[in-house]
Amino acid sequence: MHVIIGLGNPGAEYQRTRHNIGFHVVDVLAHRWDIRLSRRSFLSLIGDGMWQGDKVLLAQPQTYMNRSGEAAVKIREFYHLPLSDFVIVHDDLDLLTGRVRIKRGGGGAGGNRGIASLIEAFGSKDFVRVKVGIGRPPGRQDPADFVLQPFTRQEEASILAAVDRAADAIEMLLTQGLEQAMAVFNVTGETSAQ
Numbered sequence: 000m001h002v003i004i005g006l007g008n009p010g011a012e013y014q015r016t017r018h019n020i021g022f023h024v025v026d027v028l029a030h031r032w033d034i035r036l037s038r039r040s041f042l043s044l045i046g047d048g049m050w051q052g053d054k055v056l057l058a059q060p061q062t063y064m065n066r067s068g069e070a071a072v073k074i075r076e077f078y079h080l081p082l083s084d085f086v087i088v089h090d091d092l093d094l095l096t097g098r099v100r101i102k103r104g105g106g107g108a109g110g111n112r113g114i115a116s117l118i119e120a121f122g123s124k125d126f127v128r129v130k131v132g133i134g135r136p137p138g139r140q141d142p143a144d145f146v147l148q149p150f151t152r153q154e155e156a157s158i159l160a161a162v163d164r165a166a167d168a169i170e171m172l173l174t175q176g177l178e179q180a181m182a183v184f185n186v187t188g189e190t191s192a193q
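Numbering (numbering that gives the first Met the number 0), first residue to last: 0 to 193.
Simulated from the structure, these hints should not be mistaken for laboratory data. In this text the structure is predicted, and so the values were computed from the model without any measurement. Take these hints with a grain of salt, some might be off.
What the hints assert, rightly or not - Listed next, the in silico EDC-like pairs over lysine to aspartate or glutamate satisfying Cα-Cα at most 16 Å (straight line):
{"id": "1", "residue 1": "Lys-102", "residue 2": "Asp-33"}
{"id": "2", "residue 1": "Lys-54", "residue 2": "Asp-33"}
{"id": "3", "residue 1": "Lys-54", "residue 2": "Asp-125"}
{"id": "4", "residue 1": "Lys-102", "residue 2": "Asp-84"}
{"id": "5", "residue 1": "Lys-124", "residue 2": "Asp-84"}
{"id": "6", "residue 1": "Lys-73", "residue 2": "Asp-141"}
{"id": "7", "residue 1": "Lys-102", "residue 2": "Glu-170"}
{"id": "8", "residue 1": "Lys-102", "residue 2": "Glu-76"}
{"id": "9", "residue 1": "Lys-54", "residue 2": "Asp-84"}
{"id": "10", "residue 1": "Lys-73", "residue 2": "Asp-84"}
As the list claims (entries may be wrong) - FRET-style restraints, in silico, Cβ to Cβ:
{"id": "11", "residue 1": "Arg-66", "residue 2": "Ala-11", "range": "18 to 26 Å"}
{"id": "12", "residue 1": "Gly-10", "residue 2": "Glu-178", "range": "19 to 27 Å"}
{"id": "13", "residue 1": "Ala-160", "residue 2": "Gln-51", "range": "17 to 25 Å"}
{"id": "14", "residue 1": "Arg-66", "residue 2": "Gln-14", "range": "16 to 24 Å"}
Glycine is no exception: its CB is placed at the ideal position from the N, C-alpha and C atoms.
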């Protein structure tokens with residue numbers, strides 16, 4: 000079974016914020032795969048079904064971003080799954096707005112407390128991440144405030160396209176494997192931290 004977990008914060012006040020990109024990607028996959036995110040289980044809003052002959056579980060943790068690991072580890076323990084069956088989708092400050100990048104293991108949380116929570120809960124960094132760039136905050140704005148703001152009108156078009164690209168990346172990851180998906184979606188020189 001493949002488990003795709005989109006990170007974000009529950010509640011209408013967070014729905015359109017930068018930090019909720021993961022939720023949006025999971026919503027797109029649910030629509031594409033005809034899966035209803037209608038059950039509450041594992042501290043998450045979940046839906047399961049079949050896609051391309053494989054069982055899939057889509058999840059949006061309802062624990063708030065900083066405690067995402069609590070939900071993810073409940074799914075892992077219930078189904079006895081290896082980390083290789085998990086794909087985590089989240090926003091990334093160090094990627095230019097609208098860029099998509101796939102990564103497995105290595106490195107740290109990059110300041111994303113949801114990823115830090117997952118690393119702590121799983122006891123490992125060895126899971127696949129699909130990162131969607133939201134860019135750095137302007138000037139001296141606190142990143143914690145920046146991620147909880149909605150996208151500007153100028154950013155919205157590139158973000159909508161990026162959400163679709165992230166969903167495409169996950170589909171390629173599941174059908175053609177990590178290396179092929181990384182070769183297609185990871186283009187060097189696109190980080191905003193350069």
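For each hint, the structure was consulted:
A C-alpha spacing of about 27 Å is found between Lys-102 and Asp-33, which places the hinted pair above 16 Å, so the restraint is violated. For a cut-off of 16 Å, the pair hint linking Lys-54 to Asp-33 stands: about 13 Å separates their Cα positions. Straight-line distance between C-alpha atoms of Lys-54 and Asp-125 comes to about 22 Å, which puts the hinted pair past the 16 Å bound. For a cut-off of 16 Å, the pair hint linking Lys-102 to Asp-84 stands: about 14 Å separates their Cα positions.
This hinted pair checks out: Lys-124 and Asp-84 have alpha carbons roughly 13 Å apart, not beyond 16 Å. Restraint check for Lys-73 and Asp-141: the C-alpha separation of about 32 Å exceeds 16 Å, so the hint is violated. Distance restraint check for Lys-102 and Glu-170: the Cα-Cα separation of roughly 15 Å lies within the 16 Å cut-off, and the hinted pair is therefore satisfied. Restraint check for Lys-102 and Glu-76: not satisfied, since their Cα atoms lie roughly 23 Å apart, outside the 16 Å limit.
Of the supplied pair hints, the one linking Lys-54 and Asp-84 holds, its CA atoms being roughly 11 Å apart against a limit of 16 Å. With a C-alpha separation of about 14 Å, the suggested pair Lys-73 and Asp-84 falls inside the 16 Å cut-off, and the hint holds. Evaluation of the 18 to 26 Å hint for Arg-66 and Ala-11 yields a pass: the beta carbon distance comes to about 19 Å. In this structure the hint that Gly-10 and Glu-178 lie 19 to 27 Å apart at CB is violated, the actual value being about 38 Å.
Evaluation of the 17 to 25 Å hint for Ala-160 and Gln-51 yields a pass: the beta carbon distance comes to about 23 Å. The supplied range of 16 to 24 Å is met by Arg-66 and Gln-14, whose beta-carbon atoms lie about 19 Å from each other.
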